[in-house]
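Engineer: What follows is the residue order along each chain.
Protein chains: 2
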Amino acid sequence: MYINQASYYLPSARVTNEYFASLNGLSNDWIVERTGIQERRKAGEFENTNTMAVEAVKVLQQNTGSDLKDVDLIVGGTYSPYDTVVTLAHFVQHHLVLEDAQAVSVSAACSTFLNSMEIVEGYFASNKSSKAIVVLSEHNTAYNNEHDTKSGHLWGDGSTAFLISKERLSPDDVEIKDIITRGAANVGKGIEGVMLKPANGGIDMPNGKDVFINAIQYMSSVTKSILEKNGYSLDDLNYLVPHQANLRITKNVAQNLGLSQDRALSNVQYLGNTGCAGSGIALAEHWNEYKKGDVIVVTVFGGGYSYGAMLLTL
Amino acid sequence: MYINQASYYLPSARVTNEYFASLNGLSNDWIVERTGIQERRKAGEFENTNTMAVEAVKVLQQNTGSDLKDVDLIVGGTYSPYDTVVTLAHFVQHHLVLEDAQAVSVSAACSTFLNSMEIVEGYFASNKSSKAIVVLSEHNTAYNNEHDTKSGHLWGDGSTAFLISKERLSPDDVEIKDIITRGAANVGKGIEGVMLKPANGGIDMPNGKDVFINAIQYMSSVTKSILEKNGYSLDDLNYLVPHQANLRITKNVAQNLGLSQDRALSNVQYLGNTGCAGSGIALAEHWNEYKKGDVIVVTVFGGGYSYGAMLLTL
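From first to last, the protein sequence lines are chains P and D.
The first sequence begins at 1022 in our numbering and counts up one residue at a time.
The second sequence begins at 1022 in our numbering and counts up one residue at a time.
Hints are computed from structural coordinates only; laboratory data are not their basis.
Each hint should be verified, as a subset may be incorrect.
No copy labels: a pair is met if it fits in one copy or bridges any two.
[To be verified] The list that follows gives simulated cross-link-like pairs (lysine-lysine, BS3-like), each with its CA atoms no further than 27 Å apart: (1) LYS1250 to LYS1187; (2) LYS1230 to LYS1187; (3) LYS1230 to LYS1313; (4) LYS1187 to LYS1198.
Throw the hints in and build the complete structure from the sequences for me.
Structural biologist: Next up, the structure:
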């Protein structure tokens, strides 16, 4: 299976660390030292998970120069839903006017990008789809308590979309060689590390240290696993695209793997933690920089816990 | 692929129509005439989507006489999540202590049962799973406005679970011959017929008539389609298991298809609309009544819109 094109959308409003300094006394230096985050985007009054998903798909239409009418499957990913009935997949189907396309939305927390890709892989394998959109959108600020000094300053909003085909359609397509996803609900504080209870208070991360430690460990080990399983070494790896939770996590994973820091893509500095969209946005931001022969691993870790890796080659 | 076993769980508290009569003046006769609903179950104070999912899985363990340790994939379905990060799939993984199982939760509104089954089909087809649990749980009352005289009286809570294997494991297994799912976001009032906006008011069904009409039409037509596609006629059909939204919808679908009413299974009278769990609970309630040679169609329609059918044979 192949990624034909990638896109992303960011709401225009920027929230700098100064906002949290005035709100709850966290200094810019304190936030940057612990997270690397300098600012994040915030969805506008009339924006939500569904509208941001459509914005990313509009950019995908522009980037492909196509109306995407041949798409037969839409997989939406979010843990910060605007509507769990009219999900982002259905909202995108409505935007594209794709009569009778298959549509479903999923969550495995911040790992959802790879679960969504793996679900597409399954539809391709069962011959029920040949062209799919994966669209990820997070409206973290709709569920965030900005006054929470543990994690209120971490979250940002954004969306990303990918056009995926079963067969190669162009020499420029990026091949998805392998995907691994796993739940890790029995690891550490898996079911109480990060939570988003929509009817009971929204985002909460009471056990950030446990999340931090396990994110580093699992993203490092699953990256090694997927490379080894497919006959690659760490020296072959051109880009690592980790979940964008915290710059220190990314740096630790790169260090664990013996990678120079510039090979680990990062947008958390200027976007904050954009949830399951973060690694997808990072992959999409650099879409035109990848070269023939490049080997890329996207690796994710999320609440639940959950983790995964996806191996891409050009 | 095969269903090895089925289970369901219902919270103990019953809410009768008299409750709504005293709350907002809707009479028992009025509710029964329009919906067939006489009572519904309500989750207890310490119950939620995740705990009810685990209760259904505990019954599945009892029914199978197995600890289910060989399960390698859990697909959770809900549109009324307790936690979108620690999803019901992850919570079930934690309960079963299934190290490294794949886990993801999905929503396509009231159609989610069949989307979940189709996702399992995909994992089987891509050789990433051979034994899976699909678990569906709805905590409608967590998001319902009981004072809403349009739809506040419709909703109930409950959960259901299915053990599914790629290969036949027993002569009693029920074969899944085919699954069809579709989004229908461009049909009628697809994106505004039913909604559940967790951060913006919960369940709302401002266009019940449009939902009613399209539910009848799509469940009738997709049932015909899946039978014809697989070489069966309506005369071959022993049981129809429709989405449990409204007894009048079920009766209309049966009438459209020329089926006697007793061949259409129904629990909406005593459970209300239990969302994506409803048709699964109905299938599970009658699990020991199906006989060799029986042909069963599960058909669903949900917000979004979304619809589907699953063909089962014994």
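Engineer: Hint by hint, note whether the structure agrees.
Structural biologist: Cross-check of the supplied hints:
In the homo-oligomer, the alpha carbons of LYS1250 and LYS1187 lie at most 27 Å apart both inside one protomer (22 Å) and across protomers (24 Å), since each shortest distance falls under that limit. Within a single copy, LYS1230 and LYS1187 get their C-alpha atoms no closer than 40 Å, and across copies no closer than 39 Å, so neither meets the 27 Å cut-off. In this homomeric assembly, LYS1230 and LYS1313 never come within 27 Å of each other (Cα to Cα): the closest approach is 39 Å inside a single copy and 55 Å across copies. In this assembly of identical chains, the alpha carbons of LYS1187 and LYS1198 lie at most 27 Å apart whether taken from the same copy (12 Å) or from different copies (24 Å).
The structure is inconsistent with the numbered hints 2, 3, although it conforms to all the rest.
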